[in-house]
Amino acid sequence: MPEPDGEAPDRAEGAVELIPDVLDIGSETEVRVVLTGERAGRLAGRTLDIVDRTGTISARLRLLPGDGGAAHGTCTLRAPKRPGRAVWTACLPGKEDGEPGFDLAFEIRPHSLSLTVWDMPLAVERGARFALRVGLRSSAGCNLSGHRIELSPEAGGAPVSAEIGDTPKTGTEALYWTEIALEAPDTDGQARWNVTARGDGLPDTHSDARARVAVNVVPPGEHRLSVSVIDAETSVPIPGAKVVAHPFRALTDTSGHAELHLPPGRRKLFVSGPDHIPYQVEGDVTEDMTITAVLDRDRPMTEAEIWT
Amino acid sequence: MGRKADPHAKNTTVETEPAEPASGISRRGFVAAGAAAGVGAAVAGAPQPTAAAEGEDWDYEVDVVVAGGGCAGLTAAIRAHDLGASVLVVDQNYDLGGRMLHSGSFLSLGGGDPVQMRDMAGEADPDGYITVPPVEDPAEVDDNVELLFTDVTDWSIVDTKAQSPYRYNERDMMRSWAENCPATRQFLMDNYVRFTRVNGTHGGGGVSRARAPYCFLMLGDVTDMRAGTITAEDAGVAHPERTSALAPVQMQDASSFVAPGAVRNGVALARPLEFSAREKGVKFMLHRHFDELVREEPFAGRVLGVTASYSPRHDPKTGELLHSYWQRGNVDERRERVRIRARKGVIVASGGHAGNPEFRGMFYPALREPAFPTSGYALQGPHGQDASGIIAGMKVGANLSGMQQNLSYPTTFHISTRLGTRDAYTTMMPGHPTFNFRGSAGINVGNAGFEEFIAVNQVGRRFFNEVRLPLRPSINRYPGGEAAGLPNAELDHVPNDWRNCRHEWIRQMYDYDHGLDAALAMNEGSEPPNYYSGPIWAIFDQDAVERTGWEMRFPYVNEDNGYYFRADTIEELANKIRAGHPFQRVPLVHLPETVATWNGYVADGADPDFEREADAPMNPVSTPPFHALSIMVIWHDSYGGLRVNGRCQVVDLHGQVIAGLYAGGEAVGGFNKHGLGKGHVHGYIAGTHIAEEMS
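If you read the protein sequences in the order shown, they are chains A and B.
For the first sequence, this note's numbering puts the final residue at 390, and the numbers step up evenly by one.
For the second sequence, this note's numbering puts the final residue at 717, and the numbers step up evenly by one.
These are computed hints drawn from the structure, not numbers from a lab.
Small disclaimer: the values here were computed from a predicted structure and weren't measured.
There is no bait here: all hints are sound.
Label-pair restraints from in silico Cβ distances: (1) B/Trp177 with A/Gly127: 56 to 62 Å; (2) A/Gly176 with B/Glu358: 32 to 38 Å; (3) A/Pro203 with B/Asp514: 51 to 57 Å.
Glycine included, every Cβ here is placed at the ideal spot set by N, Cα and C.
Generate the whole structure from the sequences, applying the supplied hints.
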């Protein structure tokens, strides 16, 4: 917990909590400030100036009364462009009422990168090609288009790399991404890749990011499992139901049908959702099979209904 | 009437006629005194100031003070007023009804009550609204007081959590309760409450007969409590995402229990009762928290009155003082503290302790965690169910009862399937003045929805098999059978039979998952002295949103109220939760590792930590953006409280009645009955007997 420079802590005054207390260099970050103790009681309901070391007002902080006599508010601060420590002072405008200011001290650090891998199939036949998507985000939301990502097979072999695309993924603010094609090994079992994005070459200092992904390499599916999913009460087909015999999975189509192509062997089949209680059956797959899964509805009841 | 116009609602509500009360009560019966006289006298129907009584510095004087305007309080107030007493109800909220208003209105009484008799005869209601035949066979509603009393004191019944809900009930109180059920049903019907067909029985209301109808109103062109009609706008059924100032919870279809066009829930119970009380001349002091009882001596003598403090509720956005839906009978008193003399006595009907973390911590220390509220906290405000009545009683020497019974009913604390709102019990939508206190309606994912995410604690670790988190033990009630923990169903049930609890049977029917307890467990983020477990979170990805169709938008979720977060990466999601949730005291440091581990388990098809693969398919959390919805542990209702006798008089630690002090509803312990039936009958009994007290 940062204390004012050069002053002994005054317990009655209380504490200043900053969330977060670490800022990315050069980034604009919304910071939540929580005060406790006597200071909180004096300042709740007031608006403070947040002043940098040059005396410039960087932001304003309106403090609201909180639980247990605390006061809290948020303000947006832009971090300096060098790592280290940065300190602002929060004070009433014009230092009115003789109320002393207090410090907001942050650690300023390089940006960090974060990797996300999705659309990775859980099962791929031996030697088959498949695609996955890899996204990269800077903790400061930097534009990462054109940066490269590398996937290295854990079992050895040539790495694959790809260039990040120009626009963030739909629904995200700054997750830049690309699609990468891979080839499954010829051996059954789990195959893994290490994914790496290096911070070198980006405009601001970034730390590296690493992730690990796995796929189940399986023999060719010899048998077709055809599943029809219906509601127990109405017998109406259920579209969008999950049909899962790990690691194989599919969703039912609009007529409530799904097919899995399975190698021989013992399987547990789950059929579930949406809004239905999971159905499960276990058995040996030795031939083409057809199953009708009758699902009981799990109606999203109100609490009043549940208890009445 | 001082109520702000709702631009979405037609102005078709029929208000109370401004006529003199019909009870014949004199204005001297309700007296404002002292410095606040000007305020009190400004209220229509309020009397003039008078001198302080009996040397005490009273601000108001009345025959009966009722603390709390919920199911017990409103019933008691009307009953006492009907019998000639002047009555003042003080309530901490801005409006009346308490939790009755957001209830399901399933009102289990019995003992051969008039609705059971009506259905047994196959008759319709007096208005002729009911056109559907009885739901239950005549034999299933053929009830009597002896059978009801036997049921609610049955020693032999054990629930699927291996708790016993009936054997510990206070016998004197239960006898009186059973005897007064038929009269209370008639009393409610005489005060504009309309009941559907009987359909089963509420938990705690016995297992031998069907005893519970819902309350209903008919959709119509006007909202008229006398006629039993309500507009679609007022009922909250005109728009799927909007309710009204009259109905905090949108009303539900009741056509299968009444006729096409019938709607039901607590609105059809609370509002008619409130209307009747106001019409008859009961007075109300709202925004007024009942604090203390005034007794002649600290632990001796009569209870003389109460002290109550100003507890205004303001709109969190506009800062405006909230106003009750109806105004007639309101006493606009805004002094910080007032003393109110009760010449005949005080009825404590201010609710239980479910909203008081310190109090409920007596029963389960983990639930001192303030992140987890009681149900309907937005409607009731910060003082709802705060144990004030029980604490006030304890301060004047009252005994307690049923303190272990919180553990015997599965609503007491449970995990809600409604995610993304702190107020996770109710379905309140925008349109009610207190919606802004919750900020989001939440998303009810049902039990099935729990397979779509991983659930993590305050440091970002999983703690239980997610799909078993919301499962709850069943309740012993009619029609019985194995699902209700009983070896026999319907009319084959045998009360007080040892076979109901033979250990072979208990082993067979025991059905309780302890996910709730894992959710409340200490973790590495828990710190002394309270070791709060912290909030819990559902973490899922965009694929889950697309699979399920969950609507991640207002009014279901709100990215600004601290109960829903969305982010590009798991790391960013953890940071947002830490910064934006009011009870997130520590960072979710383990969340990235937890998600990576989970995705590995999904690839493996096995969850060695919690064996999820045994119950449901496992889904990766990998497709951005990522989402977090709060999961709420809710303490709904409470069962330990003041000990009362058969007249609902509070009894002290020496077994002696505290003169002038009555109690009812959740403020009372020793009656392990869920819901409204307890409170209404208590109110009826207390209102009857307090009116007989000498002034």
